[in-house]
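Just so you know, the working numbering puts 12 at position 12 of the sequence shown, and the rest follows in order with no gaps.
Honestly, the hints are just simulated from the structure, not real lab data.
Source: prediction; values computed, not measured.
Worth double-checking, as some hints may not be accurate.
Said to hold, decoys possible - Computed list of lysine-lysine pairs in BS3-like fashion (alpha-carbon distance at most 30 Å, straight line):
1. Lys38 - Lys155
2. Lys348 - Lys142
3. Lys268 - Lys142
4. Lys143 - Lys397
5. Lys102 - Lys38
6. Lys268 - Lys293
7. Lys340 - Lys319
8. Lys143 - Lys59
9. Lys155 - Lys348
10. Lys293 - Lys143
11. Lys102 - Lys397
12. Lys319 - Lys143
13. Lys43 - Lys59
14. Lys234 - Lys59
15. Lys43 - Lys394
16. Lys394 - Lys143
17. Lys143 - Lys155
18. Lys142 - Lys397
19. Lys102 - Lys348
20. Lys142 - Lys293
21. Lys394 - Lys142
22. Lys43 - Lys397
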Amino acid sequence: MGLTVPTATATVESLVVLSVLMVVGTAIYRLYLHPLAKFPGPKLAALTSWYECYYDLVKDGQFLWEIERMHRVYGPIVRINPREIHINDASFYDEIYAPASKRRDKDELYVLVDAAPGSTFSTIQSDLHRRRSAAILPFLSKKAVRNFEPVMRGKVERLCSYLAGTIERKRPVAILDFATGLTIEIISSYAYGGDGYPCLDGDELGSQWRRTLTAADEETALLRHFYWIHGLAKFMPGSLIARLRPALALLISWQEQISRETLAICAKYRDGILHPGTIFYALLDSDLPPEEKQPWRLSSEAQNLLHAGSETSSKVHLKTLEICLFYLLHDRTKLEALRKELRTVMPKPTTIPAWSELEALPYLSAVVREGIRLQLGTTTRSPRVLPAEILEYKDWKIPAGTPVSMISWFIHTDENIFPDALAFRPERWIKAAEAGDRLDRYMTSFSRGSRQCPGIK
């Protein structure tokens, strides 16, 4: 009796049956056998990540509000996808985004999305993150920034001169462009030395940089669900990528530019001509092991510094400024209170006060804090993972290795913390300070714990 060779039809049928069994088996596991099966949340969200993908890509980034709806229905702890838990409880924030004494790793899935996987920001393991950040943090301290103030002041004065010229010529200026240009010049000078990337000398200001960095942000949602696209695109012709995904083409082009410049920086260091007061000199001259000083990793660090220090920074600053100006112009009482306080350090419009003088003004500080609270900030989740430890929240025991996240906007608009939360009320900060209540502990725009944005220092 000879062997029977399966026909093409039989093979296809077998594959279909196998696929159906795999889907059914996965569904049964995720809904009933998974370690997170008992956690509250929509069954469809627990069943498949396509639920989140639909809100991110089809509904254009609306998963934030779907999570908010989930919490209204299911309570403060929700399973928002097959593998992740989200908690909406401000008192628990510091348990998730904990200090260095507690191990909190980043979620690997979110790091896969990052276009700069070797950067400090994208480091998964907390101990490696600590070593990498130790080489950069001294340059982002208040003392270091104050030492760099003359350079920043010079760039601000150049920008003011340019803006004065546009007024004379009656030419409009895109505020995001000049803000991006200013922050790019400052952070690139601080990182590389010299003038950095000159953005304030021509009419374009930072428009090209802003388009490039905005393109990187625009691709985040797509790459988080289909992270392999970025790797595949690097092997495709640039002209084809530009037609299919113009934003992705801009991102890859920018990465290649940064890689070339990082190689040049490493060569300058070897030749002894790199400026010693720069971030990259400190990295190359640090006691980090040789593998941490490889060009590919420093290139990732450069991408992260330039992105976070320019586009992200300018957006946060401008959105905060936009909110503050809008509400101040609609409430002349608040505006006059701020003007009165500013006159104590700026008796003339041409007076430029020192940074330390501005920081000491209580009403100005309250206005800025209220603006930061109400500017939406980043709505992308940044889950933390406890690799070998159960995380307990009330009666719930979250299994080790589970990504757990919180979203700042939910804390900033919590009526129990900030009554009339959507109203612009700088006075709440002054009254809280007088009562000894530290509202600052609920400000999470820049995260907290060992991975807090170093720029807030």
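The hints, checked one at a time:
no., hint, result
1, Lys38 - Lys155, "violated, 56 Å"
2, Lys348 - Lys142, "holds, 27 Å"
3, Lys268 - Lys142, "holds, 28 Å"
4, Lys143 - Lys397, "violated, 42 Å"
5, Lys102 - Lys38, "holds, 26 Å"
6, Lys268 - Lys293, "holds, 14 Å"
7, Lys340 - Lys319, "holds, 24 Å"
8, Lys143 - Lys59, "violated, 44 Å"
9, Lys155 - Lys348, "holds, 21 Å"
10, Lys293 - Lys143, "holds, 26 Å"
11, Lys102 - Lys397, "holds, 17 Å"
12, Lys319 - Lys143, "holds, 26 Å"
13, Lys43 - Lys59, "holds, 20 Å"
14, Lys234 - Lys59, "holds, 28 Å"
15, Lys43 - Lys394, "holds, 22 Å"
16, Lys394 - Lys143, "violated, 41 Å"
17, Lys143 - Lys155, "holds, 19 Å"
18, Lys142 - Lys397, "violated, 40 Å"
19, Lys102 - Lys348, "violated, 50 Å"
20, Lys142 - Lys293, "holds, 26 Å"
21, Lys394 - Lys142, "violated, 38 Å"
22, Lys43 - Lys397, "holds, 20 Å"
Violated hints, in rising order: 1, 4, 8, 16, 18, 19, 21; the structure is consistent with all others.
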